[in-house]
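Just so you know, the sequences run in chain order A and B.
Counting in the numbering used here, the first sequence runs from 390 upward without gaps.
Counting in the numbering used here, the second sequence runs from 54 upward without gaps.
Honestly, the hints are just simulated from the structure, not real lab data.
Since the structure is predicted, the reported quantities are computational estimates derived from the model, not experimental observations.
Heads up, some of the hints might be wrong.
[As the list claims (entries may be wrong)] The calculated label-pair distances, taken between Cβ atoms and stated as ranges, are: (1) A/A456 <-> B/R116: 38 to 48 Å; (2) B/V91 <-> A/N411: 16 to 26 Å; (3) B/P123 <-> A/P399: 40 to 50 Å; (4) B/L92 <-> A/S470: 17 to 27 Å; (5) B/H71 <-> A/D466: 47 to 57 Å; (6) A/S470 <-> B/L64: 28 to 38 Å; (7) B/T73 <-> A/E445: 41 to 51 Å.
Where is the CB? At the ideal position from N, CA and C, for every residue including glycine.
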Amino acid sequence: RKEVEQDPGPFNVPEGATVAFNCTYSNSASQSFFWYRQDCRKEPKLLMSVYSSGNEDGRFTAQLNRASQYISLLIRDSKLSDSATYLCVVTDTGFQKLVFGTGTRLLVSP
Amino acid sequence: DAGVTQSPTHLIKTRGQHVTLRCSPISGHKSVSWYQQVLGQGPQFIFQYYEKEERGRGNFPDRFSARQFPNYSSELNVNALLLGDSALYLCASSLAGGIYEQYFGPGTRLTVT
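My request is simple: use the sequences and hints to build the entire structure.
This is how it looks when you write it as C-alpha cells:
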C-alpha cells in the first residue's frame with residue numbers, strides 16, 4: 390500500500406465549477422500535512438498547510454480527518470489558471486522528509 | 054529575495070558516468086532536502102541536510118551521496134548512472150528541516166542515455 394494515495398485524475402471541469410480532491414495516508418503517526426501545486430515541468434509550490442481544524446485561503450479549503458487518515462482540498466469557482474497537478478503531502482514520523490502522493494491532475498476548461 | 058536556485062537546469066549524461074547537481078537555499082534557511090521525481094510520480098525523498106549534517110536518507114542506493122557546505126548550499130552526487138536515474142531532481146530549502154515548510158527550486162532535469 391502506498392504511503393499517500395490520491396486519485397490521479399484527470400479531473401476535467403468547466404470554469405466556475407467546484408472540485409474536490411481526496412487523499413488518504415497510511416501512517417497514523419504523520420504530523421504535518423500539506424497541499425502542493427505543480428505546473429507541467431515545473432517545481433512543486435506550497436499551496437497550503439492543512440490543520441485539524443480545517444483552513445481556508447480564498448477559494449481553497451483544506452480539511453484533515455485524523456481518525457480516517459483522510460485529507461481533502463476543495464477549490465471553488467475554478468479558474469483556467471487552476472489547471473495543474475495537486476500533490477497531497479505528509480511528513481514522516483521523524484519529520485525528516487515529505488512523503489508525496491502521485492498527484493491529481495486538474496484541467497479547467499472555458 | 055532570491056528563491057532556491059539549482060544548477061544546471063538540464064543535463065544529459067551517458068550510463069556509467071557521474072553527475073553533480075548543485076543547490077543554493079533561500080537566504081536564512083539552514084536545511085536542504087533532495088528529491089527525485091520520475092515522470093508521472095510524486096517526488097521521492099533522497100536526503101535531508103541540516104547544519105551540514107545528514108538528518109535523513111531515503112531508500113536510494115549508495116550511488117547517491119550528498120553534502121552541505123558551511124554556506125548551507127548543497128551538492129547531490131550520483132555515480133555509475135543508470136537509465137532509471139533519468140528524472141527531475143529537486144532541491145527544497147527550509148528554515149530548519151523537520152516540520153518547517155519546504156520550498157522547492159526549479160529542479161535539474163537529468164537525462165541518462
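The hints, checked one at a time:
Checking the proposed 38 to 48 Å range against A/A456 and B/R116 shows it holds: the Cβ atoms sit about 41 Å from each other. For the hinted restraint 16 to 26 Å between B/V91 and A/N411, the CB-CB distance of approximately 23 Å keeps it satisfied. Between B/P123 and A/P399 the Cβ separation comes to about 45 Å, which falls inside the hinted range of 40 to 50 Å. Taking 17 to 27 Å as the suggested C-beta distance range, the pair B/L92 and A/S470 conforms, at roughly 23 Å.
Between B/H71 and A/D466 the beta carbons are some 50 Å apart, a value that agrees with the proposed interval 47 to 57 Å. Between A/S470 and B/L64 the beta carbon distance is about 30 Å. The supplied range of 28 to 38 Å therefore holds. For B/T73 paired with A/E445, a C-beta distance near 43 Å keeps the hint of 41 to 51 Å intact.
Every hint, counting from the list given before, is met by this structure.
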